[in-house]
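Take the given structure of chain A and dock chains B and C to it, following the hints.
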Amino acid sequence: MSIDQTTHGTGHGGSDGHSDGHSDARGTDVATTAGGGLPERFENPGLPVHRHRMADVDPKAAKRAERQVAALFGLSTLGTILLVVAYYAVPIEPDERDRWAQIAQTLRLSNTLLGIGLFLALFGIGAGAVHWAKTLMPDEERIELRHPMRGTDSERADAVAILQEGSAEAGVGRRPLIRNSLLGALVPLSTIPPIVLLRDTGPLPGKSLSETVWKAGTALVQDPVIGEEKRIKASDLTIGSVVHVLPAGIEDTEHPLDEIAKAAVLVMRLNPADLDEASQPGAYEGIVAYSKICTHMGCPVALYEQQTHHLLCPCHQSTFDLKQNCKVIFGPAKRPLPQLAITVDDDGYLVAKSGFSEAAGPSFWERG
Amino acid sequence: MTALAARRRHPLAAVALVLLGLLVTGVAYAAVTPARAQATTTSTDDIAAGKALFLANCATCHGLNAEGRDRFPSLIGVGAASVDFQVGTGRMPLQATGPQAPKGKNKFTAEEVSQLAAYVASLAPGPAVPSAQQVDPAAGNQSNGSLLFRTNCAMCHNFAGKGGALTRGKYAPNLAGVTPTHIYEAMVTGPQSMPVFNDSTITPQDKRDIIAYLGAVDSETSPGGFSLGAIGPVSEGLVAWVVGLAMLVGCAVWLGAKSS
Amino acid sequence: MSTTTTAKAAGSVGNWADERVGASKGVKFLARKIFPDHWSFMLGEVALYSFIILLLTGVFLTFFYIPSVGHTTYTGSYEELAGQQVSEAYASTLALSFDVRGGMLMRQIHHWSALIFVASIVTHMFRVFFTGAFRKPRELNWVIGSILALLAIIEGFAGYSLPDDLLSGTGLRIASSIILAIPVVGSYLSFFVFGGQFPGEEFIPRLYTIHVLLLPGIFLALITAHLILLVVQKHTQYPGPGRTNENVVGYPLFPVYVAKAGGFFFIVFGITALMGALFTINPIWAYGAYHPSPVTAGSQPDWYMGWLDGAVRLTPGFLEFQLFGFTLSGNILLPAVIVPGLVTTVMVLYPWIEQWATGDRREHHLLDRPRNAPTRTGLGVMAITFYLLLLVTGGNDIIAVFLRLSINDITMTVRVLVLVVPPLAYLLTKRICLGLQRKDREKVLHGRETGVIYRTEEGEFFEVHAPLDDHERWALVQHEAYRPIEPAPTEDDRGVRRPKARFDRIRSKLSGFYFEDRVEPVTPAELEAAHAEHHGGGHEAIESPDDVDRPALAGN
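Chains A, B and C, in that order, are what the protein sequence lines are. Residue 4 in the working numbering sits at position 12 of the first sequence, with consecutive numbering throughout. Residue 215 in the working numbering sits at position 217 of the second sequence, with consecutive numbering throughout. Residues are numbered in the working numbering as their position in the third sequence, beginning at 1, plus a constant of 14.
To be clear, the hints were calculated from the coordinates, so they are not data collected in a lab. One or more of the hints may lead you astray.
Straight-line Cα separation of at most 25 Å, PhoX-like style, residue types lysine-lysine; simulated pairs [claimed, not checked]: (1) C:150 / C:47; (2) A:345 / A:319; (3) A:222 / A:345; (4) A:319 / A:207; (5) C:248 / C:42; (6) A:222 / A:207; (7) C:39 / C:248; (8) A:55 / B:256; (9) A:52 / B:256; (10) C:47 / B:256; (11) C:248 / B:256; (12) A:315 / A:345.
Rough simulated footprint, nothing fancy, chain A against chain C, three-plus residues with beta-carbon under 8 Å [unchecked claim]: (13) 85 to 98; (14) 208 to 222.
C-beta: ideal position from N, C-alpha, C; glycine also.
Next comes chain A alone, as it looks inside the complex:
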């Protein structure tokens, strides 16, 4: 039997309902509430009448449903067979002479056949089981009673008594020294060692976020470095040119990818009249070099719009204006891209005049 719950607060809906709470008080004064013989709220009318399914009343329909379920299970078996056959019949071991175009087609065929076989195998079982439950298993609604989550008053009283007795036996209340020293042990253990033991997961940053391998005289080479480094002559660049650039020797550093992630640079040639004053000292005859690493979140700012002289970062659309020393003109970035001052050496190849004058890449607390 369900246990009454005390109801309080706001109005409360119907209780375990059976009878129709609607009295036929037609014609009488109906402004009254409970006093006039009407309940305050409607009462639950109980479960609706059960509606039979075809399979419940017609044995032929039941047999048909049974056959349908069997057909679905049979489909599953066929799916498994397809899966196994496809696994062996579609070899994906590439022949020496096969080009990728051919291999890709075989792979796609294998994937599709294996996948459809697996789909049929699984879906057949699932659909069959569900159809079986829907059509043939009894679908009369049943009722189970809930019990309130809380324990009975006596259970609670017992629990409280147990806890009180137990803590009295432990004596924690009487012995504050034990309690305090326990806290003094547990709190440091749970907070400090987990942090300290993780200290060697990485080195301290030191100055590495602010430094790159670029320094005075470093040659500019083409990115990507395939085989030999390819230096860039100033005369190779025409107005509108862009070249992706790395510092010479970067592939020989201990961690090339880490260094490239800070040192990637973009070189463009503009009409010198288009450059503003701030960028001119670092430019060479209209050729300018800027850090490619976005000052927002580190994506390569690689999209160069030749006509507007804008650099666009594809990640969050920060836009930098080359005519204003790469100042941010749109988007979530704040700081302009640092310029790499460049000049040419005696043979006309582009070299850096110095390293970056500020940290390249995304901002961090100590950046200043």
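Below, chains B and C without anything else, positioned relative to chain A:
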């Protein structure tokens, strides 16, 4: 009486006369008709024809001497490659103003395009139309091409060349179906927002490798199934909801519904 | 085997189990447990089954994947990568896709299943929210579910970063920048997480451990707790005739739900397998190996992180500023830390916020129809609108390319819309809910419109309304009639100011926000009054064989 005159009533005399007439006419015609413009060599006739086409189709914006004005750039020095690209892809003549000139239908025949190109090339030296050998994808190295494409091109055109957004409504177009010649020309001339990749910064061999890579990407099937546009997680997420979750919810509704 | 032999065999197995683990008690407790039936209760199951599918396909993948950034030269079948320097992680993922039969299928099922996993969690969460299933005693399950949702997002991010391809590496760069942006400790944290500078060599093995060991372990524990609570507290049910707060009406676990829910597992697995069969997902061979210098147009995270990407794209740059020689990157902290932090906090605390507003401390096992909780439904739609605006912005460059729009215009427009549209959505939804409630009242008081037009002798036309029977009416009248909580007097009877007076005032304001505008359910008295109006007092009685009601005139 001469020997010729004595044979003037020979039965085959008429035949001989007709053959002679045909021969003379044919030779005279061949001598007088100008030769067809060759693909790689231009004649002054081509340049003149090109100038006529230019005046009719391009001069209103680019000026009578292709010197340009206001926003319309000068075409002096842009080379035959620019014309072959811009006109060949239907971008020029510009149909309507907008953030940029979109690809369109080429209104001209191949001959007219080359005549226009010859005219513009005659104004000042500029990039030439590449030879068939220069743009032959079979001669390119796809792996090298993929490396170069990723560094120089993917940030605008996307990893598979499907295109991408630039600022203010401009865009880098989808490269599917673009001919190798046009790809080469675009790299070397830097149309609209695209930067210039001259033959010193990306060598002709490297350009051919990029063309080989793009050709492969275009023609190869995706080994996992339908490629969903090759634009990345956006289309994948859409399909997961609209196809995957929708099908699953559909199955759940079927599962919970009362059987008839 | 004959049935008696089978029965005997089953009997001896059953005996064996019972004598060792008390199986008969388990069967008694569990086998005939009643669960209610509704398709919207299957959404959580989709999530659960997706998790199992992820485990199964994931184990397959771990047999072939090498979690290392060690350099290797690619010599596999994909020509466009021939001879390139790639990581072992990347090369092994390609090998398992191209050289292992079924490898591509397993990888694609795994990734599609991950997308569906998070999608079903989100849908399930909103079902629970809109029906009020998070109320007592299920607040704890709501918190567990919220944590599961967040962990699922992190798990997915870790998973698709494992192949070390260009797209996911770009995402990791962004993640490292978020860590860098944390004030004071950011650079230290970033160096500890990545084992040094970005990208370093530790991130793949560490992500692997997180993805394969740490998070799945936590998932297993939390999902088990989630399900145990579900069984102990029993499932909620939609209101209807015969369903009360003290019972569960439905079907027994054995055999009906074993068949239906068990079958549904196979259905979910099957459909996910179909997606893996037909649609390419995450074509890492086309992206290329990760390198910090190149990048692709259309760099987005997987869909479930799209809202964060959108928030980052929307935030203007001036929020970063220098302070005594230190940089505070508000432009990163706001969208990547503060907004998700606030959203999560409100989401987790919501059951208590609503409980404070209603003052309702009872157990709730009957679900709300969303229209009967207009403020809650409005708030939910507001949250969805906000989320969708951010999600759409995350793909603003794709939208710009396909619809020929300007990314700048999209960003500027959404900056305004994201502040204006959610409150409007709230107001609109609340009004719609109140309107639907009024319609329900109309229906109860005046009956269902039948579409039959009746003409009286005097030439008057009206539509015949059929009164609802008890069962039809019940669902429309059974809901709670909450009222705003009146604040207690600020001073007690001795004139001393009560210490919690301020609290109470805030609480009654919140309660007013929730319930001031309300439509109360029809009471029997009101129905009688409506009947009286129809049949007595002022209106002519209509002699009609069906004794139907005249159309409703003045409102409630």
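Here is how each hint holds up against the structure:
1. C:150 / C:47: Holds - the C-alpha atoms of residue 47 (chain C) and residue 150 (chain C) are around 21 Å apart, at most 25 Å.
2. A:345 / A:319: holds (21 Å)
3. A:222 / A:345: OK: residue 222 (chain A) and residue 345 (chain A) at ~19 Å, within 25 Å.
4. A:319 / A:207: It holds: about 23 Å lies between the C-alpha atoms, which stays within 25 Å.
5. C:248 / C:42: Holds, because 16 Å separates the two Cα atoms, which is no more than 25 Å.
6. A:222 / A:207: holds (19 Å)
7. C:39 / C:248: holds (18 Å)
8. A:55 / B:256: Cα-Cα ~18 Å, so holds.
9. A:52 / B:256: holds (19 Å)
10. C:47 / B:256: holds (20 Å)
11. C:248 / B:256: holds (22 Å)
12. A:315 / A:345: At roughly 20 Å apart (the allowed maximum being 25 Å), residue 345 (chain A) and residue 315 (chain A) satisfy the hint.
13. 85 to 98: With 4 residues in contact (Cβ-Cβ under 8 Å with chain A), the coverage given for the region 85 to 98 of chain C holds.
14. 208 to 222: Result for this restraint: holds, n = 9.
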